[in-house]
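2 protein chains.
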Amino acid sequence: MNDLPIGVFDSGVGGITVLRALTEKWPGEKFLYLADTARLPYGAKSSDTIEQYFIQNLKFLLKEGVKAVVVACNSASSVLMKKKIPSPVPIFNVIHPGARLAAAATRTGHIGVVGTRATMLSEAYVQAIKELSPEANVYQQACPLLVPLVEENWVDDPLTNMVIYRYMQTLLKHPIDTLVLGCTHYPVLKKAFKNVVGASVELVDSPMGIIAELDGAFDLATEGDGQIDVACTDLTPHLENLFASMLLPRKANSIRLVDLGR
Amino acid sequence: MNDLPIGVFDSGVGGITVLRALTEKWPGEKFLYLADTARLPYGAKSSDTIEQYFIQNLKFLLKEGVKAVVVACNSASSVLMKKKIPSPVPIFNVIHPGARLAAAATRTGHIGVVGTRATMLSEAYVQAIKELSPEANVYQQACPLLVPLVEENWVDDPLTNMVIYRYMQTLLKHPIDTLVLGCTHYPVLKKAFKNVVGASVELVDSPMGIIAELDGAFDLATEGDGQIDVACTDLTPHLENLFASMLLPRKANSIRLVDLGR
Numbered sequence: 081m082n083d084l085p086i087g088v089f090d091s092g093v094g095g096i097t098v099l100r101a102l103t104e105k106w107p108g109e110k111f112l113y114l115a116d117t118a119r120l121p122y123g124a125k126s127s128d129t130i131e132q133y134f135i136q137n138l139k140f141l142l143k144e145g146v147k148a149v150v151v152a153c154n155s156a157s158s159v160l161m162k163k164k165i166p167s168p169v170p171i172f173n174v175i176h177p178g179a180r181l182a183a184a185a186t187r188t189g190h191i192g193v194v195g196t197r198a199t200m201l202s203e204a205y206v207q208a209i210k211e212l213s214p215e216a217n218v219y220q221q222a223c224p225l226l227v228p229l230v231e232e233n234w235v236d237d238p239l240t241n242m243v244i245y246r247y248m249q250t251l252l253k254h255p256i257d258t259l260v261l262g263c264t265h266y267p268v269l270k271k272a273f274k275n276v277v278g279a280s281v282e283l284v285d286s287p288m289g290i291i292a293e294l295d296g297a298f299d300l301a302t303e304g305d306g307q308i309d310v311a312c313t314d315l316t317p318h319l320e321n322l323f324a325s326m327l328l329p330r331k332a333n334s335i336r337l338v339d340l341g342r
Numbered sequence: 081m082n083d084l085p086i087g088v089f090d091s092g093v094g095g096i097t098v099l100r101a102l103t104e105k106w107p108g109e110k111f112l113y114l115a116d117t118a119r120l121p122y123g124a125k126s127s128d129t130i131e132q133y134f135i136q137n138l139k140f141l142l143k144e145g146v147k148a149v150v151v152a153c154n155s156a157s158s159v160l161m162k163k164k165i166p167s168p169v170p171i172f173n174v175i176h177p178g179a180r181l182a183a184a185a186t187r188t189g190h191i192g193v194v195g196t197r198a199t200m201l202s203e204a205y206v207q208a209i210k211e212l213s214p215e216a217n218v219y220q221q222a223c224p225l226l227v228p229l230v231e232e233n234w235v236d237d238p239l240t241n242m243v244i245y246r247y248m249q250t251l252l253k254h255p256i257d258t259l260v261l262g263c264t265h266y267p268v269l270k271k272a273f274k275n276v277v278g279a280s281v282e283l284v285d286s287p288m289g290i291i292a293e294l295d296g297a298f299d300l301a302t303e304g305d306g307q308i309d310v311a312c313t314d315l316t317p318h319l320e321n322l323f324a325s326m327l328l329p330r331k332a333n334s335i336r337l338v339d340l341g342r
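Quick mapping for you: the protein sequence lines, in order, are chains H and Y.
Going by this note's numbering, the first sequence opens with residue 81, and the numbers climb by one from there.
Going by this note's numbering, the second sequence opens with residue 81, and the numbers climb by one from there.
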């Protein structure tokens, strides 16, 4: 069992920020990364549809054999929080750990959250933070254009900065001192967010959260030669390049196309 | 047979620009619009995956009963051009008619085409235009951010104008006098495109093309009370609003959620 890989899934490339952090922390582990690229993105879709995709992804990973599943997608994690989805291995979502870091980081109790439309609609972060700090004030802002901007690779780009600036205007009317980057694509835009919100606002992201979570729960290999296998439901040359560049300095050992069935 | 609706499909809301033009020209007709919103967008996906979705969409429309199918999606149309997909009713793609209008409009023989990554990779417009005018020079530019910008409803927006301006820089190095808006989302951005390319460049879009095509091929009802029924594979409040606003001044008679099966 301990020799099995850790399964990680996302709709596309966003989860690579989580995968990369996991492989840096535990280079001796094996990882199986599933990207449901045939149906990406999840963030604009309804919770019923995301739940259906979630179950198909989970089935695939369990059939392949994994010792744990990391849901490296906030939109899918927000579904997991509403429904108990049965599984013989532990499933880790990215929302609880992000909420824990945010609740620990805030001094004023005013916390901002940014993410996809699906994650914001679910209010998963609001609920998770309020469970930990009932008196906290949580403000949400959906940023639907940021995923396509990262997927176009317009990072460190004045146009992307302007989009972030616009999305942040409403949030910055509140006295937030902590901002949760509640989408696994956003760590790539951390510098741009920092420039807009300023040094006094602490940023929390999904890779930080999931590392803190797994570090306590599991005994994982910090040394040795691990492995990264990638399965995806669709593959284009553009996606393949994006995968590779986001995973650097690590490289996938294999990449293959799979059919999730129903 | 003549009483059956015309089936129109797209991955999402882009095809509404085509549907609206059809209902304006032939208000007495019935239309069944299928939006594969559970898997949108198609434009970033591989031709194999788009072909699979195409066949499922076609099956659904044929089962419902339609007298013709309009593929109101350039990415899906570009797949149709490579493969003959058998059908008992005529299927109309948006690429041939757009290519015909462009070939007729150009005086210099230099034609630009913009669209999704999938449509540009297929080179469907290049081939279709060169079949009509072998000496034409066709230049392509993929504009992946324009679909998300329209879906965010940032139309008539300085940020969107800047994105279009940036995408057009390479194309405008060529002496084009005609530009094909090769994605059914782009008619919404026609004014912005016009401002960037200037008055001397003629714009051709999918609704113009498909109207010209059907006008010759079919005897359709220009008078009477038609009907618009919408079927979609996923539905969120945001999508429902976007559908409604893009279809104005017409209103859908019904909207329902469907499962395409496999």
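Mixed in with the good hints there might be a few duds.
The list makes no distinction among identical chains, and a pair is therefore deemed to hold if it is satisfied within one copy or across any two copies.
[To be verified] Calculated cross-link-like contacts (lysine to any residue; reagent style SDA-like; alpha-carbon spacing at most 25 Å): (1) 163 to 233; (2) 274 to 190; (3) 139 to 341; (4) 143 to 275; (5) 162 to 320; (6) 253 to 233; (7) 162 to 315; (8) 163 to 316; (9) 274 to 242; (10) 270 to 239; (11) 147 to 296; (12) 331 to 167; (13) 162 to 274; (14) 271 to 135; (15) 139 to 282; (16) 147 to 131; (17) 162 to 318; (18) 105 to 257; (19) 163 to 317; (20) 162 to 316; (21) 110 to 185; (22) 270 to 108; (23) 271 to 240.
Don't read these hints as lab results, they were simulated from the structure.
Here's how the hints hold up against the structure:
{"no.": "1", "hint": "163 to 233", "verdict": "neither (34 Å within a copy, 32 Å between copies)"}
{"no.": "2", "hint": "274 to 190", "verdict": "within (17 Å within a copy, 45 Å between copies)"}
{"no.": "3", "hint": "139 to 341", "verdict": "both (10 Å within a copy, 18 Å between copies)"}
{"no.": "4", "hint": "143 to 275", "verdict": "neither (44 Å within a copy, 54 Å between copies)"}
{"no.": "5", "hint": "162 to 320", "verdict": "between (33 Å within a copy, 24 Å between copies)"}
{"no.": "6", "hint": "253 to 233", "verdict": "between (29 Å within a copy, 23 Å between copies)"}
{"no.": "7", "hint": "162 to 315", "verdict": "between (31 Å within a copy, 19 Å between copies)"}
{"no.": "8", "hint": "163 to 316", "verdict": "between (33 Å within a copy, 19 Å between copies)"}
{"no.": "9", "hint": "274 to 242", "verdict": "both (13 Å within a copy, 23 Å between copies)"}
{"no.": "10", "hint": "270 to 239", "verdict": "both (15 Å within a copy, 21 Å between copies)"}
{"no.": "11", "hint": "147 to 296", "verdict": "within (16 Å within a copy, 62 Å between copies)"}
{"no.": "12", "hint": "331 to 167", "verdict": "neither (29 Å within a copy, 45 Å between copies)"}
{"no.": "13", "hint": "162 to 274", "verdict": "neither (31 Å within a copy, 47 Å between copies)"}
{"no.": "14", "hint": "271 to 135", "verdict": "neither (34 Å within a copy, 44 Å between copies)"}
{"no.": "15", "hint": "139 to 282", "verdict": "neither (37 Å within a copy, 52 Å between copies)"}
{"no.": "16", "hint": "147 to 131", "verdict": "within (21 Å within a copy, 35 Å between copies)"}
{"no.": "17", "hint": "162 to 318", "verdict": "between (34 Å within a copy, 21 Å between copies)"}
{"no.": "18", "hint": "105 to 257", "verdict": "neither (28 Å within a copy, 55 Å between copies)"}
{"no.": "19", "hint": "163 to 317", "verdict": "between (36 Å within a copy, 21 Å between copies)"}
{"no.": "20", "hint": "162 to 316", "verdict": "between (33 Å within a copy, 18 Å between copies)"}
{"no.": "21", "hint": "110 to 185", "verdict": "neither (32 Å within a copy, 58 Å between copies)"}
{"no.": "22", "hint": "270 to 108", "verdict": "neither (27 Å within a copy, 53 Å between copies)"}
{"no.": "23", "hint": "271 to 240", "verdict": "both (11 Å within a copy, 23 Å between copies)"}
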